[in-house]
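Protein chains: 6
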Amino acid sequence: MTSTIRPSGRASDQLRPVAIERHYTRHAEGSVLVSFGDTRVLCTASIEDRVPPWLRGKGEGWVTAEYGMLPRATSTRTQREAARGGQGGRTMEIQRLIGRSLRACVNRQALGERVITLDCDVIQADGGTRTAAITGAYVALADAIHLLMQRENLKRNPIVGAVAAVSVGIYKGLPVLDLDYAEDADCDTDMNVVMNDGGGFIEVQGTAEGHAFRRDEMDAMLALAEKGIAELVALQRAALER
Amino acid sequence: MTSTIRPSGRASDQLRPVAIERHYTRHAEGSVLVSFGDTRVLCTASIEDRVPPWLRGKGEGWVTAEYGMLPRATSTRTQREAARGGQGGRTMEIQRLIGRSLRACVNRQALGERVITLDCDVIQADGGTRTAAITGAYVALADAIHLLMQRENLKRNPIVGAVAAVSVGIYKGLPVLDLDYAEDADCDTDMNVVMNDGGGFIEVQGTAEGHAFRRDEMDAMLALAEKGIAELVALQRAALER
Amino acid sequence: MTSTIRPSGRASDQLRPVAIERHYTRHAEGSVLVSFGDTRVLCTASIEDRVPPWLRGKGEGWVTAEYGMLPRATSTRTQREAARGGQGGRTMEIQRLIGRSLRACVNRQALGERVITLDCDVIQADGGTRTAAITGAYVALADAIHLLMQRENLKRNPIVGAVAAVSVGIYKGLPVLDLDYAEDADCDTDMNVVMNDGGGFIEVQGTAEGHAFRRDEMDAMLALAEKGIAELVALQRAALER
Amino acid sequence: MTSTIRPSGRASDQLRPVAIERHYTRHAEGSVLVSFGDTRVLCTASIEDRVPPWLRGKGEGWVTAEYGMLPRATSTRTQREAARGGQGGRTMEIQRLIGRSLRACVNRQALGERVITLDCDVIQADGGTRTAAITGAYVALADAIHLLMQRENLKRNPIVGAVAAVSVGIYKGLPVLDLDYAEDADCDTDMNVVMNDGGGFIEVQGTAEGHAFRRDEMDAMLALAEKGIAELVALQRAALER
Amino acid sequence: MTSTIRPSGRASDQLRPVAIERHYTRHAEGSVLVSFGDTRVLCTASIEDRVPPWLRGKGEGWVTAEYGMLPRATSTRTQREAARGGQGGRTMEIQRLIGRSLRACVNRQALGERVITLDCDVIQADGGTRTAAITGAYVALADAIHLLMQRENLKRNPIVGAVAAVSVGIYKGLPVLDLDYAEDADCDTDMNVVMNDGGGFIEVQGTAEGHAFRRDEMDAMLALAEKGIAELVALQRAALER
Amino acid sequence: MTSTIRPSGRASDQLRPVAIERHYTRHAEGSVLVSFGDTRVLCTASIEDRVPPWLRGKGEGWVTAEYGMLPRATSTRTQREAARGGQGGRTMEIQRLIGRSLRACVNRQALGERVITLDCDVIQADGGTRTAAITGAYVALADAIHLLMQRENLKRNPIVGAVAAVSVGIYKGLPVLDLDYAEDADCDTDMNVVMNDGGGFIEVQGTAEGHAFRRDEMDAMLALAEKGIAELVALQRAALER
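Protein chains in written order, with the working numbering: chain A, 112 to 353; chain B, 112 to 353; chain C, 112 to 353; chain D, 112 to 353; chain E, 112 to 353; chain F, 112 to 353.
Since the hints were made in silico from the structure, they are not lab data.
Treat the hints with caution; some may be incorrect.
Once the Cα atoms are required to be at most 25 Å apart in a straight line, the calculated SDA-like pairs of lysine to any residue come out as [said to hold, decoys possible]: (1) F/K169 / E/E171; (2) C/K283 / D/R211; (3) F/K283 / F/Y135; (4) D/K169 / C/A334; (5) B/K283 / B/K266; (6) F/K283 / E/E171; (7) F/K169 / F/R117.
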C-alpha cells in the first residue's frame with residue numbers, strides 16, 4: 112500500500128508513533144501521558160468514595176470523564192473555558208464520549224459505591240485528541256483499579272475488557288488511519304471508532320465533512336479502525352506489563 | 112418478518128406513522144410540525160441578513176440549529192434550561208448534530224451572506240427526537256429557501272439534496288428501525304443515521320448501551336436505516352409538493 | 112359601540128376568538144393549548160411530590176409558574192434564553208405574575224405537600240401572551256387537580272375559584288379590550304388585569320406607554336376588563352365541562 | 112380618621128416622615144438619600160455620552176435604572192446578588208418599574224444622545240423601597256439634568272413633569288397609605304402607584320396577597336395614593352428649591 | 112517634615128481625617144460607617160447560626176467578608192457586578208484580604224458554631240477603600256461580638272486583639288501615609304499593611320506600580336504604616352468607648 | 112545553618128531542585144516547563160496582534176496572565192473551574208499577581224500594539240505554584256520576545272530586566288526559603304516575594320496564617336527571598352543561554 116498522499120508520508124493504514132507513559136504525575140491513582148505523534152494528552156484517574164445522587168444506595172459505582180485543552184495546545188491560542196464561564200459544546204460532546212466509552216469496560220456493581228473520574232487534558236494537539244484520550248484513559252483506569260483492588264481487597268476485578276479508540280477518514284479519496292491535524296482539516300469524512308479488545312464496537316461516530324460517504328467507504332474505514340485498534344490494544348497491554 | 116417482540120407491535124423494519132405539517136406557525140420563513148408517532152417536534156427556519164464574525168466578507172452563508180425540549184415534553188418534568196442557566200451537554204450535542212446535518216445539504220456560496228437558524232423544539236417526546244428534528248428541519252429549510260428565492264431572485268438554488276434521519280438499534284437481540292421510548296430505554300445499541308436522498312451517509316452515531324455490537328449487527332442496522340430514510344425522503348417530497 | 116378604529120375591525124369591547132384545547136400533550140397532568148386570536152400558548156401543569164425548602168414540614172404545597180417563548184414565536188427571531196445563559200427581566204416578571212395569579216385560586220393546605228408547576232410556552236405571539244397564559248394555565252391546573260383528587264382521594268378540592276386574565280388599554284384615545292400586537296405596539300396605556308370568578312381583583316398592572324392616564328380612563332379600562340374576564344371564565348367553564 | 116389599627120400609630124392616610132437629602136455623595140451628577148421612615152435609599156443619577164445600540168443615530172437619549180439592596184439592609188442578611196451570580200426576578204421587576212417611571216417624565220429627543228442611569232441602592236429597608244426609590248430618583252434626575260443644561264447649553268429642559276410614587280394597601284380591612292414592613296408583611300392587598308405632578312397615572316401595580324380586592328377597595332386605595340403623591344411632589348419641589 | 116508635595120497638603124506621615132460612626136443602620140448586629148477623608152465605607156457584621164460545610168461538627172466558627180462598590184462611588188460609573196453576572200478579580204482579591212485580616216483577631220473555638228459576615232460596601236471612593244473597610248469592619252465585628260456575649264452568655268470573648276489597616280506608598284519619590292485617589296493614581300509603589308494592636312503584622316501587600324522599590328523604601332513605608340495604624344487603633348478604641 | 116526541622120531535610124535557606132525546560136510544547140511562541148521540586152508548571156507565552164479595548168490606538172502593548180490547575184494536580188481532585196462555571200477567587204488573585212509581575216519587566220511602548228498572554232497551568236502541585244509560575248513565565252516571555260524581535264525587526268528589546276519569585280515563611284518558628292506543601296500547610300507566615308534582577312522589589316505579599324509576625328521576622332524573610340531570587344535569576348539566565 113503506497114502512502115505518498117499523506118502529508119506525514121505514512122502508509123494509509125499506519126498509526127503515528129504511540130507512547131504510553133504511566134505514573135506521569137504522582138497524586139492521581141492512575142496517571143498516563145499518551146502520545147499519538149505530536150498529540151499529547153495527560154489522562155488521570157481519580158477515585159472518590161461517593162456516588163452521584165441518582166445512584167445512592169444502589170450498591171454500584173460510576174465512571175465519568177472530563178476533557179480540557181490547555182489554551183496553547185493549539186497553533187493559535189484558544190480562550191480558556193474557565194475564563195469564558197463554562198464548557199463549550201465541543202468539550203461536552205467529547206467528554207460525554209470518553210465517559211460512555213470507559214463505562215463500557217467496567218462492571219459497576221463490582222466497582223462498588225465509588226466514582227472514578229477520568230480527566231483528559233490536552234497538552235499539545237495535532238488531531239485525534241479524543242481517541243488518544245480514550246486510549247490513555249483506559250490505562251489510567253486500569254492502574255487506578257489495580258490500586259483499588261490492592262487497597263480494598265475487592266472480590267472481583269471490575270474491568271471487563273480493554274477499550275481503545277482511533278480515528279479514520281477519507282483523505283483525498285483514500286481511506287486512512289489515525290488522521291493528524293493536517294489531514295483532519297482537509298478530509299472529506301472523519302470517523303471516530305471505539306472498540307473493545309474482543310473486537311466489539313462501543314462507539315462509531317462518522318461525519319461527512321465534504322461530500323456524503325458511500326457504504327463501501329464506510330466498510331473500508333471500519334476495516335482500518337479494526338486494524339488500528341488491535342495495535343493500540345497491544346500497546347496498552349505492553350505498557351501495563353512494564 | 113414477525114414483530115411480536117416490539118412493544119408497539121410494529122415490524123422490525125417499520126417506521127412509526129410520520130406526519131409532516133407545513134406552515135404550522137405564521138411568523139417563521141419555514142415552520143413544520145413533524146411527528147414520528149408520539150414524538151412531536153416544531154421545526155422553524157429563520158433567515159437573517161447577517162453572518163457569524165468568522166464569515167464576514169467571504170460571500171458565503173451559514174446554517175445552524177438550536178434544540179430545546181419543553182419542560183413537560185417528557186414523562187416527568189425536566190428542568191427548563193433557561194432557568195438552570197444554560198444548555199446541557201445533551202442539548203449541545205444534539206443541536207451540533209442537527210446543524211452539521213443540514214449544512215450538508217446547502218451550498219453556502221449560493222446561499223450568500225445570510226444565516227438560517229433551525230429551531231427544533233420538542234413539544235412531546237417518545238424517542239427519536241433528534242432524528243425527527245432533522246427530518247422536519249429539512250422541510251422547514253426547503254420552505255425558507257423557496258421563499259428566499261422568490262423574494263431575492265437568487266441565481267441558483269442553494270439546496271443540493273434532501274436530508275433525513277432515523278434511529279436504528281438492537282432491541283432484545285433484534286435489529287429494529289425507528290425506536291420509540293420504550294425500546295430506546297431498554298436496547299443494547301442505539302444508532303442515529305443521517306443520509307441524503309442520493310443514499311450517501313452524512314452522520315452515523317452508534318453507541319453500545321449494553322454489550323458491544325458486532326460488525327454484522329452494524330451491517331443489519333445500516334440496512335434498516337437505508338430503508339427507513341428512503342421512506343422518509345419520499346414523505347418529505349410528498350409534503351413539499353402539497 | 113363602533114369599532115372602525117381597531118386594526119382588526121373588532122368592537123372596542125370585543126375579545127379575539129378564544130379557543131381552549133385540553134389534553135394537548137399526553138405526559139403532563141394538565142395540558143392546554145390556549146389561543147387568543149393568533150396568540151397560542153401551551154400551558155402544562157406538572158405535579159411533583161416535593162416542596163420548596165422553605166415549606167418543608169409545614170403541611171402545605173406550592174404553585175409556581177415558568178414562562179418561555181419559542182425563538183420564532185415572534186415576527187423576528189428572539190434569541191433562546193437557554194443559549195443566552197439565563198432568563199431575562201421580562202420573562203421573570205411574567206412568570207412571577209402567572210405564579211402569583213394561580214396561587215390566588217388554590218388553598219395550599221388542602222393541596223398538601225406538593226408542587227404544581229405551570230409551564231407556559233408561547234408557540235406563536237400576537238400580543239397578550241401573559242393573559243392568555245394565565246387563562247389557559249387555570250384550566251391545566253384544574254385538570255391536574257382533578258386527576259390528583261381521583262388518584263389521592265383528597266378530602267377537599269384545593270381550588271377555591273377560577274382565575275382568568277385579559278389586557279385592556281387606551282388605543283388612539285379609545286379604551287379597548289384584549290389588545291393584539293398591532294394595538295399593543297401603538298397604544299398609550301396597557302393594563303393587564305387578573306380576576307377571579309367572584310369578580311374580585313387579583314392583579315392590576317397598568318403602564319402608561321405614552322402620556323399618563325387619567326382616573327376616568329382607568330375606570331373605563333377596569334369596566335372592559337370585568338366584562339372580558341366574565342366571558343373568559345364562562346369559556347373556561349365550558350371547556351372543563353367538555 | 113382614627114389610626115389605632117396601624118402598628119406605627121399613623122393615621123390611615125398619613126405618610127411616614129419623608130426626608131430628601133441632595134448631594135449625598137460627591138461623584139454623581141445627581142445624588143439623593145431619600146428616607147420614607149426607616150427605609151433609606153441612595154439614588155444617584157449618572158450621565159454618559161453614549162446610547163444603547165438600538166438608539167444609535169436616532170438623535171434621542173435613554174433613561175434606565177438599576178436597583179440593589181445592601182446585604183444587611185434587611186432584618187436577616189440577604190445574599191449578595193453579585194456573589195450569587197446575577198440579579199433575581201424581584202430585582203429585575205423593580206428596576207424595570209423604576210426605569211419606566213422615570214422615562215415617563217423625560218423628553219428623550221430633548222435629552223439628546225445620552226444615557227442617564229439611576230442607581231437606587233437600599234441602605235436600610237422597612238417597606239416601600241421601590242416607591243422611595245422612584246421618589247428620590249426623580250430628584251437625582253432633576254439635579255443631573257440641571258447640571259447638564261448648565262454645562263451643555265441645551266435648548267429645552269428635557270424634564271416634562273415630576274414623578275413620585277407611594278404604596279397603598281388594605282391592612283386588616285382598612286385602606287392605608289405608605290405601608291411599612293410590619294404592615295406589608297401582613298396586608299391583604301399591596302398596590303404601588305406612580306403618578307406625575309399633573310395627577311396622571313404612570314404605573315399602577317396592585318396585588319392581592321390574601322383575598323381578592325373589590326372595586327370599591329381599589330377606589331379607596333387610588334384616592335389615598337393621589338393624596339400621598341401630591342404631598343410627595345410638594346416635598347420634592349421644596350427639596351429642589353433649597 | 113514638609114508636605115508641599117502632596118495634593119492634599121498633608122504631611123507625609125499624616126492620616127486623612129478619620130471618622131467612625133457606629134450603629135449607622137439598625138438591622139445588623141454591628142453597623143459602622145467609616146470615613147478616611149472622602150472615602151466612605153459601610154461595614155456591617157451579621158451573625159448567623161450556621162457554619163460552612165467544611166466546619167460542620169468541629170465546634171468552631173467562621174468569619175468571612177464580602178466587598179462591593181456602589182456603581183457611582185467612583186468618578187465615572189462602574190458597572191454593577193450583579194448585573195454583569197459575578198464578582199470580578201479585584202473584588203474577590205479585596206474581600207479575601209478583609210476576611211483573612213478579621214479572622215486573625217478572632218478565636219474561632221471561642222466563637223462557637225457561628226458565621227460572622229462582614230459586608231463592606233463602598234458608598235464613596237477616594238483611595239484606600241480596602242484599608243478603611245478593614246478598620247471599620249473591626250469595629251462592626253466588636254459590636255456584634257459584644258451583642259453576642261450579652262445574648263448568649265459566652266464564657267470567653269472571642270476577640271483576641273484589634274485589627275486596623277492603612278495604605279502607604281512612594282509618591283513622587285517620597286514615602287507617604289494613607290494615599291488618596293490622586294496619589295494612588297500617580298504613585299510608584301502602593302502597599303497595604305494590616306496590623307494588630309500589639310504591633311504584629313497580619314498582611315503586607317506591596318506592589319511596584321512604576322519602578323521596583325528598594326529595601327530602604329520598604330523600611331520607610333513600614334515605619335509609616337506602624338505609626339498610622341497605632342493612630343487608627345486609638346481611634347477604634349475611642350469609638351468603641353463612646 | 113542546620114535544617115533538621117524541615118520535612119524535606121533542606122537547609123532553611125535552600126531552594127528545592129529547580130529545573131527550567133524550554134520548548135516543552137511546540138505551538139506557543141514561548142513554552143517552558145518549570146519545576147520547583149515536585150511542583151511542575153507549564154508556562155506558555157502567546158503573542159497576538161491585538162490590544163485590549165482600552166489601549167486601542169495608543170501605540171503600546173499589554174502583558175497578561177492566566178492561571179489554572181489541572182484537576183488532579185493536587186492530592187485530592189479539585190473540581191475543574193470550567194465545569195464549575197468560572198474562575199474562583201484564588202485563581203483570579205494568582206493570575207493578577209503573575210500579570211502584574213511580568214508587566215513590570217516589559218516596556219509596553221517598545222512592545223508595540225500586541226498582547227502577550229502567559230498561561231500558567233499547574234501539572235503537579237507541591238506548594239509554591241505561583242512563584243514557580245512567575246519564574247517560568249519570565250523565561251517563556253523572553254523566548255517569545257526573542258522570536259518577535261527576529262520576526263518583526265523591533266528597534267528595541269521590550270524586556271527591561273528579569274523577574275523571578277519565591278516564597279518564604281516562618282515554619283515552626285524558623286524563617287525558611289521556598290516552602291513545599293508540607294511546610295505551607297503548617298506554617299505561621301507565608302510570604303511571596305517577586306523581585307527583578309537588579310534587586311528591586313516588584314511584589315511582596317505576606318500573610319500571617321497563625322500569629323502575627325514581628326518586624327524582625329519580616330526582615331529575616333526578606334533576606335531569604337533576596338538570596339533565593341538571586342539564585343533563580345542565575346538559573347533563568349543559564350536556561351536562556353542553553
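25 Å Cα cutoff - pair B/K283, B/K266: Roughly 52 Å between the alpha carbons, so the hint for B/K283 and B/K266 is violated.
Going straight from one Cα to the other, do F/K169 and E/E171 come out at no more than 25 Å? violated, 54 Å
Check whether the Cα positions of F/K169 and F/R117 lie no farther apart than 25 Å. violated, 51 Å
Given the hint that C/K283 pairs with D/R211, does the C-alpha gap stay at or below 25 Å? Distance ~21 Å between C/K283 and D/R211 Cα, so the pair holds.
Check the hint pairing D/K169 with C/A334 against an upper bound of 25 Å on the C-alpha distance. Violated, at about 39 Å.
Restraint status (C-alpha distance of F/K283 to E/E171 at most 25 Å): Answer holds: F/K283 to E/E171 is near 24 Å, not above 25 Å.
Taken at face value, is the distance from the CA of F/Y135 to the CA of F/K283 at most 25 Å? Since the Cα atoms of F/K283 and F/Y135 sit roughly 38 Å apart, the hinted pair is violated (cutoff 25 Å).
Taken one by one, the earlier hints fail for this structure at numbers 1, 3, 4, 5, 7, listed in ascending order.
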